[in-house]
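Engineer: Residues per chain are reported as follows:
2 protein chains.
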Amino acid sequence: MKLTILRNELNDAIQHVSKAVSSRTTIPILSGIKLEASFTGVTLTASDTDIAIQSFIPLETPDKTIGTVERMGSVVLPAKFFVEIVKKLPHEEVHIDVGERFQTLITSGSAEIQLVGLDPEEFPVLPTIQEDQVFSIPGDILRDMIRQTVFAVTTNEASPILTGVLWNLQDGVFKLVATDRHRLASRTSPVDTQEVRFSNVVISGKTLSELAKIVPDQNVLVDIVVADNQVLFKLGNVLFFSRMLDGTYPDTSKIIPQNFKTELVLNTKLLSDSIDRAYLLSREEKTNIVRLATTENGGIEISSSSSELGRVNEQLDVKEFHGEQIRIAFNSKYMLDVLKIIDSEQLFIGFTGAMSPIIIKPRDHDNGLHLILPYRTTN
Amino acid sequence: MKLTILRNELNDAIQHVSKAVSSRTTIPILSGIKLEASFTGVTLTASDTDIAIQSFIPLETPDKTIGTVERMGSVVLPAKFFVEIVKKLPHEEVHIDVGERFQTLITSGSAEIQLVGLDPEEFPVLPTIQEDQVFSIPGDILRDMIRQTVFAVTTNEASPILTGVLWNLQDGVFKLVATDRHRLASRTSPVDTQEVRFSNVVISGKTLSELAKIVPDQNVLVDIVVADNQVLFKLGNVLFFSRMLDGTYPDTSKIIPQNFKTELVLNTKLLSDSIDRAYLLSREEKTNIVRLATTENGGIEISSSSSELGRVNEQLDVKEFHGEQIRIAFNSKYMLDVLKIIDSEQLFIGFTGAMSPIIIKPRDHDNGLHLILPYRTTN
Numbered sequence: 001m002k003l004t005i006l007r008n009e010l011n012d013a014i015q016h017v018s019k020a021v022s023s024r025t026t027i028p029i030l031s032g033i034k035l036e037a038s039f040t041g042v043t044l045t046a047s048d049t050d051i052a053i054q055s056f057i058p059l060e061t062p063d064k065t066i067g068t069v070e071r072m073g074s075v076v077l078p079a080k081f082f083v084e085i086v087k088k089l090p091h092e093e094v095h096i097d098v099g100e101r102f103q104t105l106i107t108s109g110s111a112e113i114q115l116v117g118l119d120p121e122e123f124p125v126l127p128t129i130q131e132d133q134v135f136s137i138p139g140d141i142l143r144d145m146i147r148q149t150v151f152a153v154t155t156n157e158a159s160p161i162l163t164g165v166l167w168n169l170q171d172g173v174f175k176l177v178a179t180d181r182h183r184l185a186s187r188t189s190p191v192d193t194q195e196v197r198f199s200n201v202v203i204s205g206k207t208l209s210e211l212a213k214i215v216p217d218q219n220v221l222v223d224i225v226v227a228d229n230q231v232l233f234k235l236g237n238v239l240f241f242s243r244m245l246d247g248t249y250p251d252t253s254k255i256i257p258q259n260f261k262t263e264l265v266l267n268t269k270l271l272s273d274s275i276d277r278a279y280l281l282s283r284e285e286k287t288n289i290v291r292l293a294t295t296e297n298g299g300i301e302i303s304s305s306s307s308e309l310g311r312v313n314e315q316l317d318v319k320e321f322h323g324e325q326i327r328i329a330f331n332s333k334y335m336l337d338v339l340k341i342i343d344s345e346q347l348f349i350g351f352t353g354a355m356s357p358i359i360i361k362p363r364d365h366d367n368g369l370h371l372i373l374p375y376r377t378t379n
Numbered sequence: 001m002k003l004t005i006l007r008n009e010l011n012d013a014i015q016h017v018s019k020a021v022s023s024r025t026t027i028p029i030l031s032g033i034k035l036e037a038s039f040t041g042v043t044l045t046a047s048d049t050d051i052a053i054q055s056f057i058p059l060e061t062p063d064k065t066i067g068t069v070e071r072m073g074s075v076v077l078p079a080k081f082f083v084e085i086v087k088k089l090p091h092e093e094v095h096i097d098v099g100e101r102f103q104t105l106i107t108s109g110s111a112e113i114q115l116v117g118l119d120p121e122e123f124p125v126l127p128t129i130q131e132d133q134v135f136s137i138p139g140d141i142l143r144d145m146i147r148q149t150v151f152a153v154t155t156n157e158a159s160p161i162l163t164g165v166l167w168n169l170q171d172g173v174f175k176l177v178a179t180d181r182h183r184l185a186s187r188t189s190p191v192d193t194q195e196v197r198f199s200n201v202v203i204s205g206k207t208l209s210e211l212a213k214i215v216p217d218q219n220v221l222v223d224i225v226v227a228d229n230q231v232l233f234k235l236g237n238v239l240f241f242s243r244m245l246d247g248t249y250p251d252t253s254k255i256i257p258q259n260f261k262t263e264l265v266l267n268t269k270l271l272s273d274s275i276d277r278a279y280l281l282s283r284e285e286k287t288n289i290v291r292l293a294t295t296e297n298g299g300i301e302i303s304s305s306s307s308e309l310g311r312v313n314e315q316l317d318v319k320e321f322h323g324e325q326i327r328i329a330f331n332s333k334y335m336l337d338v339l340k341i342i343d344s345e346q347l348f349i350g351f352t353g354a355m356s357p358i359i360i361k362p363r364d365h366d367n368g369l370h371l372i373l374p375y376r377t378t379n
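Here the protein sequences line up with chains H and L, keeping their order. For the first sequence, the UniProt record's numbering begins at 1 and goes up steadily by one. For the second sequence, the UniProt record's numbering begins at 1 and goes up steadily by one.
Any given hint could be a false lead.
Remember, identical chains collapse to one label, so a pair may be satisfied in a single copy or spanning two.
As the list claims (entries may be wrong) - Taking lysine to aspartate or glutamate and the EDC-like style, the derived pairs with C-alpha atoms no more than 16 Å apart in a straight line are: (1) K361 - D140; (2) K19 - E210; (3) K333 - D223; (4) K333 - D144; (5) K80 - E285; (6) K88 - E9; (7) K88 - D273; (8) K80 - E308; (9) K80 - E284; (10) K87 - D273; (11) K87 - D12; (12) K319 - D144; (13) K87 - D276; (14) K333 - D63; (15) K19 - D50.
If you are wondering where the hints come from, they were derived from the structure by calculation, not from laboratory data.
Chain H on its own, in the form it takes in the complex (with noise of 0.2 Å):
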């Protein structure tokens, strides 16, 4: 293999299949990046052992010529020392020439850097996916949906199946739910398909967020295909590759309750700082536990209390209030999480009692629905 290309794409390219290297693998040839050269291209490909992703650089673009192959061939570079020197590289251009037994050297400008390289052979083939089940979405729909639920999952691995995000296509619905079985969040988005479907596919919270971070800002549409037990994200020149998590994710949708005996409308600002204040003291307690109570006058109060500091409270306006009075305890921390990720002026907050769920759902929209549950507590 001999090439030369663009240090900028080179680097664009590293950066978004590093993302699949694990820095603590116990397979030595995934601590690389596999570089593959033909004549339209060049494929580089990184992989661990739940995701792979791949990205294509075309050595000519409608604008400009990227890079040229003199030699057509593939190797395997240590990733660690690879994503860092490329950045680094003096010139604009980078030539790569793969020698004997893959000895590699790089140049560009003065730096000439000789890297020992491994055998591609031994690199692990990516799965090849049936593409029965395609449907497309928005690429900032995808990062919203997922940056709303997967605060949610749980980092215990006690549960793995709830290390996951439940993603389910119904009738052109296309729904996201996360769950710790304390709080639990759901997102749901129309898609333009009536033919695909699937239910009970989970993938992993942290291959979702490896995937949020290389959807583009642009407004272009991430082309999803689910298999067997593979999902592919097609996301222009890259693809990213992710397994499913085994197992049945439990059914949440008998615990969500369809009544109230208590309906607030707030502004989400006005009482997401009113909460963070009061998480301020709570947190100094270790247990998070802030109070919400309606009052006479048809407001809200928010406190918290510290044995050691004091306490905290604050009367809150709010925009509407059907029903009984109520007075709950719950975690802030999980409470502000909600909060954070809430795209929309006013929500909405549903209560049954005291010890029952907390319904917590954006007003401008009907798309997100989020729930923690309470604490018990004596007073």
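Take the given structure of chain H and dock chain L to it, following the hints.
Structural biologist: For chain L alone, coordinates are given in the frame of chain H:
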């Protein structure tokens, strides 16, 4: 104590003094910030065993009224929570009312915070400082002097005196020196005083890093008072007290060579970028060893190698070259630390042999001198 004060001005003062609050003190009162209200302003004080910071908020400035004091007095409030909550108060005005047993009520907008205050009588009294030895220096120069030396102090607590920076003032020349026995950094600046002179004043590197953070950006004079075992920095309304370190700082003047066998002048950025690339590889070997060798054609070669990964080498032009050929190995991390803070487009490097100290100096001025001991390697 009862007062009203603008949140932003209170917050600024808190941010300044909070740098003296120790997060893991065994003396409970020191985890607090002392507030003291008089009819001219509010004074905030925080202290750990090494430093104390005091910030004064005047009630009136030429532009505006910052606060009003209804009842003089003082209280100590828990720093960690107080620092966080003041930032997030909802209204631009903050009311503080200290009641019986130092119970303190803070109100701002609709937020009410009750805090358990502590007895200000228990708070340590700041040292009274004899103001005989006072000199002034522009804030930006003081900050540069700290930044250009403090990185070279040792983090090894077995040599406590070397965790500090040596301060010296003789005949109107103010000088800072730091060394960890493997490298040395020094910086001088002329100051406008012939009367003030001192030597063997050693101030903790950590303390100086904190001080540098609160030295204002504007080009204002900082007054420095050197007393028996304390140094006081006056930064406008902020007073910063630091204890001196005990012990005698070693005499470093003799280890600095005055004559060189090889002298080079190089472009600072080109050398820095080149060593950075070699460092990336040397880092993987954990040694950070990089080599510099003069070449036949009157340039230099920077190189490093790793048994597992390969090698990096690079030719660099020199601006000037006097003396013998040299081949020398050094800790590239130490070299990068120096190259990062040299404020001169070109630099001088002097060698007296492969086993002798390397001297690096800026070319634009004569105020900085850096020394790095080479590695003794066999090839």
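Engineer: Which of the numbered hints are not met once you compare them with the structure shown?
Structural biologist: 1, 3, 4, 12 and 14
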